[in-house]
Amino acid sequence: MTTPQRLETVRRLQTAMATGYATLGAWVLVHPSSVLSLGFTAPYAAMTNATTTLLARCFGAQAMTCGLVLGTSTMTPFSFTAFGLAMIPYIIGFNYWFGLGPARGMMSSLIWLDFVGNVFFGLGSLYCAKLLREQEVEDAKASNKKS
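Each residue of the sequence shown is one higher than the last, beginning at 397 in the numbering used here.
Keep in mind the hints are simulated off the structure, nothing from the lab. Values in this document were obtained by computation on a predicted structure and should not be read as measured data. Every residue gets a Cβ at the ideal spot worked out from N, C-alpha and C, and that includes glycine. Every clue listed holds true.
In silico SDA-like cross-links for lysine to any residue, where the CA-CA straight-line distance does not exceed 20 Å:
{"no.": "1", "residue 1": "K537", "residue 2": "Q401"}
{"no.": "2", "residue 1": "K542", "residue 2": "E532"}
{"no.": "3", "residue 1": "K526", "residue 2": "T405"}
{"no.": "4", "residue 1": "K526", "residue 2": "T470"}
{"no.": "5", "residue 1": "K526", "residue 2": "G467"}
{"no.": "6", "residue 1": "K526", "residue 2": "A536"}
{"no.": "7", "residue 1": "K537", "residue 2": "T398"}
{"no.": "8", "residue 1": "K542", "residue 2": "T399"}
{"no.": "9", "residue 1": "K537", "residue 2": "T472"}
{"no.": "10", "residue 1": "K541", "residue 2": "R529"}
{"no.": "11", "residue 1": "K526", "residue 2": "T399"}
{"no.": "12", "residue 1": "K537", "residue 2": "P400"}
{"no.": "13", "residue 1": "K526", "residue 2": "F474"}
{"no.": "14", "residue 1": "K526", "residue 2": "L481"}
{"no.": "15", "residue 1": "K526", "residue 2": "A538"}
{"no.": "16", "residue 1": "K542", "residue 2": "Q531"}
{"no.": "17", "residue 1": "K526", "residue 2": "E404"}
{"no.": "18", "residue 1": "K526", "residue 2": "T477"}
{"no.": "19", "residue 1": "K526", "residue 2": "S469"}
{"no.": "20", "residue 1": "K526", "residue 2": "P473"}
{"no.": "21", "residue 1": "K526", "residue 2": "F516"}
{"no.": "22", "residue 1": "K526", "residue 2": "M397"}
{"no.": "23", "residue 1": "K526", "residue 2": "M483"}
{"no.": "24", "residue 1": "K526", "residue 2": "R402"}
{"no.": "25", "residue 1": "K526", "residue 2": "A412"}
{"no.": "26", "residue 1": "K526", "residue 2": "T411"}
{"no.": "27", "residue 1": "K537", "residue 2": "M397"}
{"no.": "28", "residue 1": "K526", "residue 2": "A414"}
Listed next, with one range per pair, are the computed distances between beta-carbon atoms:
{"no.": "29", "residue 1": "L451", "residue 2": "L506", "range": "14 to 24 Å"}
{"no.": "30", "residue 1": "T448", "residue 2": "P485", "range": "19 to 29 Å"}
{"no.": "31", "residue 1": "V465", "residue 2": "K526", "range": "13 to 23 Å"}
{"no.": "32", "residue 1": "I484", "residue 2": "A422", "range": "24 to 34 Å"}
{"no.": "33", "residue 1": "Y523", "residue 2": "R500", "range": "28 to 38 Å"}
{"no.": "34", "residue 1": "V515", "residue 2": "F474", "range": "20 to 30 Å"}
{"no.": "35", "residue 1": "N540", "residue 2": "Y440", "range": "51 to 61 Å"}
{"no.": "36", "residue 1": "G467", "residue 2": "P400", "range": "16 to 26 Å"}
{"no.": "37", "residue 1": "T448", "residue 2": "S539", "range": "51 to 61 Å"}
{"no.": "38", "residue 1": "E532", "residue 2": "V512", "range": "24 to 34 Å"}
{"no.": "39", "residue 1": "S539", "residue 2": "V426", "range": "40 to 50 Å"}
{"no.": "40", "residue 1": "T449", "residue 2": "R529", "range": "36 to 46 Å"}
Sequences and hints are given; from them, build the entire structure.
In structure tokens form, the structure reads like this:
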């Protein structure tokens with residue numbers, strides 16, 4: 397892969413992740429009742445109230461902020477690696493706990509879309525880190541040839 401291809405791939409993946417976070421966060425912020433009714437099974441969705449709506453909106457605002465930061469930051473291999481590894485607790489903790497673990501039955505089957513998204517964010521970030529590391533190595537080799 398050439399330098400422009402690497403950097404374009406990183407830019408596209410970063411933009412896709414940022415857009416995903418910001419868009420889904422905006423949805424939760426603006427219309428939390430639809431997200432709560434889709435995300436929880438009927439017995440739990442029926443228990444939503446002003447507090448759960450407020451907490452959902454706070455979650456949405458955080459996701460929008462994450463999308464904004466991800467979309468406007470110049471990420472390094474380290475920051476992409478950290479972001480990718482930060483998805484592990486969501487995948488193992490949240491997705492396992494509510495999808496297969498002790499809280500199974502609380503979330504609707506759409507929990508698996510969250511799992512797919514978290515895997516995409518994790519692996520996409522690690523792939524971007526790999527591409528940027530390759531770029532750093534290539535840049536170092538080019539710099540050494542000039543010396």
